[in-house]
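Produce the entire structure from the sequences given, and follow the hints as far as they go.
If you read the protein sequences in the order shown, they are chains E and U. Under our numbering, read the first sequence as residues 6 to 144, first letter to last. Under our numbering, read the second sequence as residues 294 to 406, first letter to last.
Check the hints yourself; a few may be wrong.
Said to hold, decoys possible - Here are the simulated lysine to any residue pairs, SDA-like style, with alpha carbons at most 20 Å apart:
1. U/Lys333 with U/Asn377
2. U/Lys325 with E/Glu110
3. U/Lys362 with U/Ser295
4. U/Lys362 with E/Ala108
5. U/Lys362 with E/Gly114
6. U/Lys362 with E/Ala109
7. U/Lys333 with U/Val309
8. U/Lys325 with E/Glu112
9. U/Lys325 with E/Leu22
10. U/Lys362 with E/Glu112
11. U/Lys325 with E/Ser113
12. U/Lys362 with E/Ser113
13. U/Lys325 with U/Arg365
14. U/Lys325 with E/Gly114
15. U/Lys333 with U/Ser359
16. U/Lys325 with E/Ala109
17. U/Lys333 with U/Gly369
18. U/Lys362 with E/His111
19. U/Lys325 with E/His111
20. U/Lys362 with U/Phe393
21. U/Lys325 with E/Thr65
22. U/Lys333 with U/Gln299
23. U/Lys325 with U/Gln302
What the hints assert, rightly or not - FRET-style restraints, in silico, Cβ to Cβ:
24. E/Pro48 with U/Asp326: 28 to 38 Å
25. E/Thr65 with U/Gln302: 26 to 36 Å
26. U/Glu330 with E/Asp132: 23 to 33 Å
27. E/Gly84 with U/Lys333: 52 to 62 Å
28. E/Asp45 with U/Ser329: 29 to 39 Å
29. U/Arg365 with E/Gly85: 23 to 33 Å
30. E/Ser44 with U/Gln299: 16 to 26 Å
31. U/Glu330 with E/Asp125: 35 to 45 Å
Unchecked claim - A few chain E residues that don't get close to chain U, going by computed Cβ distances all over 10 Å:
32. Phe19
33. Ser32
34. Thr40
35. Arg42
36. Thr54
37. Gly61
38. Glu83
39. Val86
40. Thr92
In case anyone wonders, no lab produced these hints; they're calculated from the structure. For glycine and all other residues, C-beta sits at the position ideal for the given N, C-alpha and C.
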Amino acid sequence: MRSKHEAFEFHATFSQLDEGLDVLHRSLERLRQATGRPSDDRPLLLFETALGEIGGNVLTHGRPSGTVRPVEYALRFEGGVVEASLTDSGAAVHEHLGRDMPAAEHESGRGLAIARSLLDELGYERDGEVNRWRLVKRL
Amino acid sequence: MSLDVQTHQADNGATVVAPTGRLDVAGAPALKDAISEAVKTGPARIVLDMEGVSFVDSTGLGSVISALKQIRNGQGELRLAAPNQQVRVVLELTTLDRVFPYYATVEEALTGL
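Laid out in structure tokens, this is it:
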């Protein structure tokens, strides 16, 4: 049995929606296995939900037509804290960051509000021509 | 992993729509297509069997809201059955559990529909 606090690291780059989402979920499955957590571990499940939201956003809005630069992804776990980073070359998205949860009848606009509420920290910065996302949660 | 959606008629004539896989930004269009097909023939009584859905995101949830609107506009009814823990968390977090009261099993959802 591996220690709960053993360090874990995963890196990948991807360009396509299906491929990218598969990689994100697979990386968390590896983290689950590496830390001996059950498949229904709630903190990790909440982190995966937030990562799915930000990852889906990055892979749809962060990959403008004609872009050749892949999305860069890293997942780290150390000292009981999991951190994911995603870098994409899409347009700046800061105007959406403070959005509240929409009313029930709305079909879209919930992604960032969901991610923000499930994480200890959701970081975003525009760095030159790229967006850098940072997702942090203590498990 | 794309979303696979199977549809069948239950004994009481209601339609059971059963997606399998991740109901996310990549899988949501497949569910929308299946619901559009199911409501073509008139007022629809539909159970959305979520047992095979491993993960839902806000876009996937949006496709369920879209289905609910479409079905209610046609005087039909949509019920959600057997959501897993992750789906329940997202429904509760977004307070959509008040809009989609869910049933533990497909059989329960079909009762009285």
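- [ ] Mind listing which of the numbered hints don't hold for this structure, in increasing order?
- [x] 1, 3, 26, 29, 36, 37
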